[in-house]
Amino acid sequence: MGDLGVQHFVVLSAIIFCLGLFCVVTRRNALGILMGIELILNSANLNYVAFGRYGGGGYDGQIFAVFVIMLAAAEAAIGLAIVLGIYQTFETIDVDATDRLRG
Amino acid sequence: MSTTTAAFYLLAVLTTASALGVALAHNIVYSAFALMGTLLGMAGLFVLLGADFLGLVQLLVYVGGILVLGLFAIMLTHRIADVRVSNRSVGRGAALVVVGAVFVGLVRTALRATWVTRDSGPLQPTTYGVGNAFLTDFILPFEIASLVLLVALIGAVMVSRKEVKG
Numbered sequence: 000m001g002d003l004g005v006q007h008f009v010v011l012s013a014i015i016f017c018l019g020l021f022c023v024v025t026r027r028n029a030l031g032i033l034m035g036i037e038l039i040l041n042s043a044n045l046n047y048v049a050f051g052r053y054g055g056g057g058y059d060g061q062i063f064a065v066f067v068i069m070l071a072a073a074e075a076a077i078g079l080a081i082v083l084g085i086y087q088t089f090e091t092i093d094v095d096a097t098d099r100l101r102g
Numbered sequence: 000m001s002t003t004t005a006a007f008y009l010l011a012v013l014t015t016a017s018a019l020g021v022a023l024a025h026n027i028v029y030s031a032f033a034l035m036g037t038l039l040g041m042a043g044l045f046v047l048l049g050a051d052f053l054g055l056v057q058l059l060v061y062v063g064g065i066l067v068l069g070l071f072a073i074m075l076t077h078r079i080a081d082v083r084v085s086n087r088s089v090g091r092g093a094a095l096v097v098v099g100a101v102f103v104g105l106v107r108t109a110l111r112a113t114w115v116t117r118d119s120g121p122l123q124p125t126t127y128g129v130g131n132a133f134l135t136d137f138i139l140p141f142e143i144a145s146l147v148l149l150v151a152l153i154g155a156v157m158v159s160r161k162e163v164k165g
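Chains as they are written, first to last, in numbering that gives the first Met the number 0: chain A, 0 to 102; chain B, 0 to 165.
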């Protein structure tokens, strides 16, 4: 891999993770929050693959990443269905507006 | 600087800039298209790390599936043109402090740790190995994954369909 170390990928993954966390914390649009979660999952995947590559080249890291992608697909399907349900009920997908259960 | 290093920095810039777009864009549609840049850059990084199969799965499932699904959801929930409604952000200052602290902690740990790495030899096609591992060592998680996807599919239909009375 030339002069690229594993820390290059770990730092890049940390950047993506923090941007995803920022997105989740600040966004008030439910779809924006879901996009932040996708960023976080992708950063985890990058770590899995990088450690798999630098740890001897087995397939375990890549297989974990495939499972994460699978769960992300399931999460996106369910999450978007819930968002559409919220929209039909509240006429908005602003998560601050959906506080009917607040005591 | 070798070609690999140059490719890494190119993909890193693409990924980081797109992720910034996802986190900061004023319009939710711009966020979605920026997410496409991040996912494409990630696929490139996977290929750079020798995971060619995973890079293609990333393209097929994320860019071809999840992103299109997300764009459909954005288009179905109207008033996307109104910035204050479509992509409001709150508490950016406080979030910046917390996220910055997390970031500094992560990067300090990543740079200080002594990573024990092993050379994994020349790059080779991974499809055979991944498929073999799925049907031998990881057969149970693989089957459970198919069940999870089936449940998610039925659940998504149940949640999003209109209630038919009578």
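No wet-lab data here; the hints were simulated from the structure.
For glycine and all other residues, C-beta sits at the position ideal for the given N, C-alpha and C.
Please note that a few of the clues may not be correct.
As the list claims (entries may be wrong) - Under 8 Å between C-beta atoms, here's a sample of chain A residues computed to sit facing chain B:
{"id": "1", "residue": "Phe21"}
{"id": "2", "residue": "Thr25"}
{"id": "3", "residue": "Asn28"}
{"id": "4", "residue": "Leu38"}
{"id": "5", "residue": "Ile39"}
{"id": "6", "residue": "Ala49"}
{"id": "7", "residue": "Ala64"}
{"id": "8", "residue": "Ala72"}
{"id": "9", "residue": "Ala75"}
{"id": "10", "residue": "Ala76"}
{"id": "11", "residue": "Asp98"}
{"id": "12", "residue": "Leu100"}
Now the hints, each set against the structure:
{"no.": "1", "hint": "Phe21", "verdict": "5 Å, holds"}
{"no.": "2", "hint": "Thr25", "verdict": "4 Å, holds"}
{"no.": "3", "hint": "Asn28", "verdict": "5 Å, holds"}
{"no.": "4", "hint": "Leu38", "verdict": "6 Å, holds"}
{"no.": "5", "hint": "Ile39", "verdict": "10 Å, violated"}
{"no.": "6", "hint": "Ala49", "verdict": "6 Å, holds"}
{"no.": "7", "hint": "Ala64", "verdict": "5 Å, holds"}
{"no.": "8", "hint": "Ala72", "verdict": "6 Å, holds"}
{"no.": "9", "hint": "Ala75", "verdict": "4 Å, holds"}
{"no.": "10", "hint": "Ala76", "verdict": "4 Å, holds"}
{"no.": "11", "hint": "Asp98", "verdict": "14 Å, violated"}
{"no.": "12", "hint": "Leu100", "verdict": "17 Å, violated"}
Checked against the numbered hints given earlier, this structure breaks hints 5, 11, 12; the rest are met.
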